[in-house]
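J.: Generate coordinates for the entire structure from the input sequences, incorporating the hints supplied.
Numbering-wise (the numbering used here), the sequence shown opens with residue 402 and increments by one.
Simulated DEER-style distance windows between Cβ atoms: (1) 434 with 407: 18 to 24 Å; (2) 491 with 465: 42 to 48 Å; (3) 488 with 445: 55 to 61 Å; (4) 490 with 449: 50 to 56 Å; (5) 494 with 471: 39 to 45 Å; (6) 478 with 503: 44 to 50 Å; (7) 460 with 486: 52 to 58 Å.
Source of the hints: derived by calculation from the structure; they are not laboratory data. For glycine and all other residues, C-beta sits at the position ideal for the given N, C-alpha and C.
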Amino acid sequence: MAPVTIAQRLVAEMRARSGLTQAQLARRAGLPRSVVNAYERGKREPGTGALAHLAASAGFELELSRAPRRVDPERAGRVLGQVLDLAESLPTRRRGQLRYPPLKERTA
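T.: In C-alpha cells:
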C-alpha cells in the first residue's frame, strides 16, 4: 500500500470539510470527477495551481506559512545552565560606590 501524499490528504480533507461530493467539487472546479477521484486516491498528483483552484472551489484559501520553531525544553535548559556557569566564572571587579552630582533645587 502506497503512503498517503499531502496533496491526496488535502483534497480529501477540503472536500469533506466543505460537504461536497467529488462530482460537486469537480463541477465547481471545472474538472472531470475522475480527476478529483484520482487526486484523492493518489493516482494523480495535482500541482500547486490545481490545489489552489480546488481549494477555492471548495470555499477555502490555500496559504503557506512558516511553522513556529519548536523549542526543546531539555536542550534549552542545558544551554541556559552553560550560560549561567560561564557567567559565574567570569572575573569580577568590585566597583566603588556610585557618586551622583547633588541635585539642584528648582526655582519657580
